[in-house]
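Novice: Read off the chains here:
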Amino acid sequence: MVVMKMKFPFQKRVKLAQGLWLLSWCATVAGATTFTLGCVLKTELRRRAEVMDNADIHIVPNTLMIVGLASLGINYFASKICQDALDAGRFPRWKNFLKPYFAASCFFTVLMLLAVIMSYAMKGSLESSLKIGLRNGIRFYKDTDTPGRCFQKQNIDRLQMEFQCCGNNDFRDWFEVQWISNRYLDFSSKEVKDRIKSNVDGRYLVDGVPFSCCNPSSPRPCIQYQLTNNSAHYNYEYQTEELNIYLRGCREALVNYYMGLMNTIGAGVLSIFILQGSVLVSLRFLQTAMEAVAGKENTEIETEGYLLEKGVKDTVMEYLNPVLKFFLLTNQVEEGATTSGATPATT
Amino acid sequence: MAVGKVTFSKAEREKLAEVLWLLNWISVVTGVILFSLGLFLKVEIQKWAEVMSEHGTFYVPHMLITTGLAACCINYLGGQICLDCADTNKFLRWKLVMMPYIVCTFFFTSCVLAGALMCYSIRSQLEESLFLGLRNAMRYYKDTDTPGRCYLKRTVDMLQIQFQCCGNTGYRDWFQIQWISSRYLDMTNSAVVDRLRSNVEGKYLMDGVPFSCCSTFSPRPCIQQHLNNRTAHLHYDQQSQQQNLWRRGCRQALLDHYTGIMESIGLTVLLIWLFELLVLTGVRYLQTAMENVLLLGDPDLESYGWILENSLAEMARSNFNIIKNLGKCYQVDDDPNINVPTAAAEREVPSQQVQVPVTS
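In order, the protein sequences belong to chains X and H. So for the first sequence, my numbering puts the first residue at 409; every next one is plus one. So for the second sequence, my numbering puts the first residue at 8; every next one is plus one.
Take these hints with a grain of salt, some might be off.
Residues on chain H that point at chain X, a partial pick, calculated with CB under 7 Å [claimed, not checked]:
id: 1; residue: Tyr147
id: 2; residue: Asp164
id: 3; residue: Gln183
id: 4; residue: Ile184
id: 5; residue: Asp193
id: 6; residue: Phe218
id: 7; residue: Cys221
id: 8; residue: Thr223
id: 9; residue: Pro226
id: 10; residue: Arg227
id: 11; residue: Pro228
id: 12; residue: Leu241
id: 13; residue: Met322
id: 14; residue: Arg324
id: 15; residue: Phe327
If you are wondering where the hints come from, they were derived from the structure by calculation, not from laboratory data. No experiment lies behind these values; they were computed from the predicted model shown. Backbone N, C-alpha and C fix where the C-beta goes; we use that ideal spot for every residue, glycine too.
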């Protein structure tokens, strides 16, 4: 049951080989582009690594980089093969190489598609990683004297200013955390003592936010402290005030940024996947067409090319059988030993 | 006495023409580079044009843009000319154009040099412009309801955040202006009224700065108010003060930023100028060599090429004479047929009688 049979006269084979040569060089450039895109994504993810709890999302750029490098090799060989395809004398030397070559190429091409799917599927993982990372960042904001956490304040301030966001979900996250260190609290002051006493855990909580939450587009000077107290500030109503501080949460801002980046990269990688797939399909047709020519005296006859000799399931089994045999080899030896051990007992 | 005299054989002339054709095309590329440098500088200045007082700084990028475009055109023409110069017959087409072309290119090259020197000399004017511009911007910081000044607050805040600077010379500049609008001052509050009354001009001045002056490197939450009052904040020692706000003034920050950009642009333009000068010298040699070959008559002979036919002094003298004689075109001093009375006429020899022998 041959899959997709097509007739190839000599001229068509020549055109196919020439077109494929050009296409494979384009695909080489595309492979380099994939590698670069993977590097870009990885760099961007590493820049904000301090507010991410785990590095699970890094599997996407890592896969892109591997696929990019692999496709450089795949397309280099593809161009070499189609260069030799027009010469019936030189083509047979590729005979033994082509089966593993196609297996590896299909694997890496499918991996490219998987990378794109993963970039959409891992949104949830990214979001939870950012949630935990930002929560820790906000919690350790005041610990500028603790080794290992000295730079949390700087990172969170820069993050909030650059992404125009405040807090984890929104600015109210700052109300639940003591972000002013005890070193800078005047414990002789009545106000400070009252506030600490009124809190169960003895923390100094304020309804205020750090300066990095301030919005420069606000028409009035930034109000950072006593945000929920309308009477503390002249002509101020916190329920309707929108421009004073950033209302967006940093988790949402970062997720949007990274999903936007991955969507753009995903669109590019998808088109590269289609290009790579067409290179492999054309190469397969060229290979099968040229194999029919081998051994004949007249190399200009019309031949048939096909995608798969047997059906899809049979071909898959054909490739998987050696792999399975390798893993099941030990079991078969044991079975043989037990049967030979059992038979003498029965006789 | 020609300046820079060099002999050119036929093969050398053809080689020179080819090389110059290539160099002219490279010059077209450098012209594009010049144009894009001018464009880049214009965009950079435009970004912070609101904190600059006048637009006098725009003539540097405009000069670079026009010189870049002129470079492309002149060098494209030069490439065409040099391509034709290899052949004596085709050279005749360009013979009359060559001299004006070379003079034009010489002036254009000096424009490139002027552009490069301007990049280095603009610093003082830029400083003045930034000083005035920043002072005005800070003065109008509070006027977010006045048309034309609505976005000045945002611009100044973004400037201070991005360049990590505060105020004009330093953060104390904010103490001398009212940066909180009266719209947000509670006039019923006695503290506010006292402060307003204590100021001669009725301005609400305070020892506080906007939030954009806050340094991200400070280990403690930002202190923006009561900056002169040491006792208002706990442990507000020298080190805390140093790290709390941005120390640099925005004028200095912007000046450094633009000086850096202009110095690198100036260096690139200087290199481009040297290259253009090289191309111009080559074209001059080619022109003189081709003209001399035409004078000799035989295109296969060797000919001389030079930069100037006579030395600089003689050329200056001859030019001066030309200019002197320009106004005398209708006077006929040189006509020998007019009887010009000279001093020798007074000593005229009296006519003597000539003894003619009478022949009988």
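Novice: Next, verify each hint and record whether it holds.
Specialist: So, going through the hints one by one against the coordinates:
1. Tyr147: Since chain X brings no Cβ nearer than about 13 Å to Tyr147/H, farther than 7 Å, the hint is violated.
2. Asp164: Since the shortest Cβ distance to chain X is 4 Å, the answer is holds.
3. Gln183: Hint violated; Gln183/H Cβ to chain X Cβ min 16 Å, cut 7 Å.
4. Ile184: violated, 13 Å
5. Asp193: Cβ of Asp193/H sits 4 Å from chain X, so the hint holds.
6. Phe218: It holds, given that the least Cβ distance between Phe218/H and chain X is near 4 Å, below 7 Å.
7. Cys221: Hint on Cys221/H: holds, closest Cβ of chain X at ~4 Å, below 7 Å.
8. Thr223: holds, 4 Å
9. Pro226: holds, 4 Å
10. Arg227: Because about 5 Å separates Arg227/H from the closest Cβ in chain X, which is inside the 7 Å limit, the hint holds.
11. Pro228: Holds, about 5 Å.
12. Leu241: This interface hint holds because 5 Å falls under the 7 Å limit.
13. Met322: violated, 58 Å
14. Arg324: violated, 65 Å
15. Phe327: Given a least distance of 64 Å, the restraint on Phe327/H is violated.
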